[in-house]
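Enquirer: Sequence:
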Amino acid sequence: MASNDPLLQPYKLKHLTIKNRIMTTSHEPAYPEDGMPKDRYRAYHEERAKAGVGMTMTAGSAAVSRDSPPVFNNVLAYKDEVVPWMKKVTDACHEHGCAVMIQLTHLGRRTGWNKGDWLPAVAPSHHREASHRAFPKQMEDWDILRIIEDYADAAERMKAAGLDGIELEAYGHLMDQFWSPRTNTLDGEYGGSLENRMRFSLNVLEAIRKRVGDKFIVGIRYTADEADKDGISAAEGIEISKRLQRSGMVDFLNVIRGHIDTDPGLTDVIPVQGMKSAPHLDFAGEVKKVTGMPTFHAARIPDVATARYAVAEGLLDMVGMTRAHMADPHIVRKIMAGREDDIRPCVGATYCLDRIYQGGDALCIHNAATGRELTMPHDIPLADKKRKIVIVGAGPAGLEAARVSAERGHDVIVFEAAPEPGGQIRLSAQSQRRAEMISIIDWRMAQCAARDVEFRFNTWAEAADIEVENPDVVIIATGGLPHTEVLKNGNELVVSSWDIIAGDVKPGQDVLVYDDAGDHAGLQAAEVIANTGAKVEIMTPDRSFAPDVMAMNLVPYMRSMQEKDVTFTVTYRLKDVVRDGNRLRAKIGTDYSDLIKEKNYDQIVVNHGTIPMDEIYFDLKPASVNLGELDHKAFINGQPQSIAANADGKFQLFRIGDAVAARNTHAAIYDALRLAKDL
1 MASNDPLLQP YKLKHLTIKN RIMTTSHEPA YPEDGMPKDR YRAYHEERAK AGVGMTMTAG
61 SAAVSRDSPP VFNNVLAYKD EVVPWMKKVT DACHEHGCAV MIQLTHLGRR TGWNKGDWLP
121 AVAPSHHREA SHRAFPKQME DWDILRIIED YADAAERMKA AGLDGIELEA YGHLMDQFWS
181 PRTNTLDGEY GGSLENRMRF SLNVLEAIRK RVGDKFIVGI RYTADEADKD GISAAEGIEI
241 SKRLQRSGMV DFLNVIRGHI DTDPGLTDVI PVQGMKSAPH LDFAGEVKKV TGMPTFHAAR
301 IPDVATARYA VAEGLLDMVG MTRAHMADPH IVRKIMAGRE DDIRPCVGAT YCLDRIYQGG
361 DALCIHNAAT GRELTMPHDI PLADKKRKIV IVGAGPAGLE AARVSAERGH DVIVFEAAPE
421 PGGQIRLSAQ SQRRAEMISI IDWRMAQCAA RDVEFRFNTW AEAADIEVEN PDVVIIATGG
481 LPHTEVLKNG NELVVSSWDI IAGDVKPGQD VLVYDDAGDH AGLQAAEVIA NTGAKVEIMT
541 PDRSFAPDVM AMNLVPYMRS MQEKDVTFTV TYRLKDVVRD GNRLRAKIGT DYSDLIKEKN
601 YDQIVVNHGT IPMDEIYFDL KPASVNLGEL DHKAFINGQP QSIAANADGK FQLFRIGDAV
661 AARNTHAAIY DALRLAKDL
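Residues 1 to 679 in the UniProt record's numbering are what the sequence shown lists, from first letter to last.
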């Protein structure tokens, strides 16, 4: 029976029929090996294809030239060997009826010279991009001609690989650097007027069409408004859109609003949690209206309702749900089955993108199978034998272990000392900007409820409480408590970041937040204090503050605190604290010298990670079959745990997450998944 759901309607793009209106827009998860989209890369896209997504746009910023160094571990589209690898990706997705395209680009100045072949970045000016810091060579005529041919070569390779089309990346990259008056200082036919600034892109399109013909699909992803007083205005962006349409060489427009040359600019283009959802959707709809072109768009469209509205109202032809598909690659399958409530929500944490911009690979904060499709399941298989599993702790690690164990068909009991689940996530979600984090907990609780997991809240479990259940497996996921014992003297005089965030301790008026953990808790506490009007100093012994918060998530904190009485001090270490009347005197040193100085504050807050709550683990250890031992090789390779070190043992015993050591939410959930999937 045909569906009336706007999202499930087919879309005809030139000769290509796309089976529904949902796509994943181009993004580079940094999974290539030696610049090639090998098995890990293929498995990632194939998972979404077999779950029903209409089109997958591969390879964010596949590099067309050697002087576009792969700063994001990009696919190297300038190599002939990319063709068979891309063909494997394409064929795998086509088997499931999913259209496949690839994004091609020259990064221009948006890269670093010390990657790849160590060639200088090139751009139509010498202006450095703040984010990537390379001072580019201003392009000469022979650079322009060479790169035009590189684009054509790369397009020809992609056609040979059997892709349905290509998308040229303009925004923030070389094409847009030509378009924008902020970044084009060339004289002559490629600089000055809008006609001249667009000439490079039109030359590229002409060269591509000569190679691939008129039938092959070619689109462009670009900013139609840089949202910067010196850049491309909305009016000029609309004119660019019309000129692309009139060229007859472009088959679709993928519209962006904003600029990405700074962390704040990038975060406005791709908003993180606490920021407005779908902020540029109406603007993309305006571009579609004035051009009549097939129009795609993605920018924090995390939920099905917003995506459905975008298509139903005619704002978009194809809606991008890219981060949402990292959280749950099976969105389309669940829509078709009437199971939208089962969709694992994207919480906007942007752990995925922040990792890429810090040189890592993309990982979802609460779907540890994403990017690990070769070893980790998205669909949990039933176990051969039902077992009884007891879990202590209902934070993210404990709830993931409970969810996966229940999906395996086991009987699961969860003990939790608090009246509600969530652990550190519930604490973090008390900050308005991070309130969406609680969805990590709510989704797992709903999944557990559907599978009859038994919860015992307000229960401080002891070893006897566990043993009386006669479990086959015990998993300790008790997390940790704030570690503030970091000083030689005066530990009793400081409070923890948790005390401030939870509201258990009232903020002072002149406060030092000493943060050598570098995670969200330190900045969250500082923001709570600053919002009272207090004076705040954030100090770290590191050379940069809050490195685990990372670039895009740092932006909202800076916007909030820089307008208040907040200072940031790096490379200084808090040594001692003593009382000085009704104030506290801090002795402050540095790892770089013997320098010591003193300063007074009303209050000192310490953020130093957590200490494991592991007493129950050690109480249970002697009665366990494995004496608590984890087979690391099996754990890493996704194999069952089979250590039997104690013949008198009654159950297997494991601990996961912060009950082992202070890490983060993703690590806790990954621990749980790769342990519980084989129980």
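Hints are computed from structural coordinates only; laboratory data are not their basis. Take the hints with a grain of salt, since some may be wrong.
[What the hints assert, rightly or not] Restricting the straight-line Cα-Cα distance to at most 35 angstroms, the calculated cross-link-like pairs of lysine-lysine (DSBU-like) are:
1) Lys633 / Lys587
2) Lys488 / Lys386
3) Lys506 / Lys38
4) Lys215 / Lys229
5) Lys388 / Lys488
6) Lys210 / Lys79
7) Lys38 / Lys12
8) Lys19 / Lys229
9) Lys229 / Lys87
10) Lys38 / Lys488
11) Lys506 / Lys597
12) Lys276 / Lys14
13) Lys115 / Lys14
14) Lys334 / Lys488
Enquirer: Take the hints in turn and mark each one as holding or not.
Expert: Evaluation of the provided hints:
no. : hint            : in the structure
1   : Lys633 / Lys587 : violated, 45 angstroms
2   : Lys488 / Lys386 : violated, 51 angstroms
3   : Lys506 / Lys38  : violated, 54 angstroms
4   : Lys215 / Lys229 : violated, 39 angstroms
5   : Lys388 / Lys488 : violated, 46 angstroms
6   : Lys210 / Lys79  : holds, 20 angstroms
7   : Lys38 / Lys12   : holds, 30 angstroms
8   : Lys19 / Lys229  : violated, 41 angstroms
9   : Lys229 / Lys87  : violated, 43 angstroms
10  : Lys38 / Lys488  : violated, 52 angstroms
11  : Lys506 / Lys597 : holds, 27 angstroms
12  : Lys276 / Lys14  : holds, 34 angstroms
13  : Lys115 / Lys14  : violated, 38 angstroms
14  : Lys334 / Lys488 : violated, 56 angstroms
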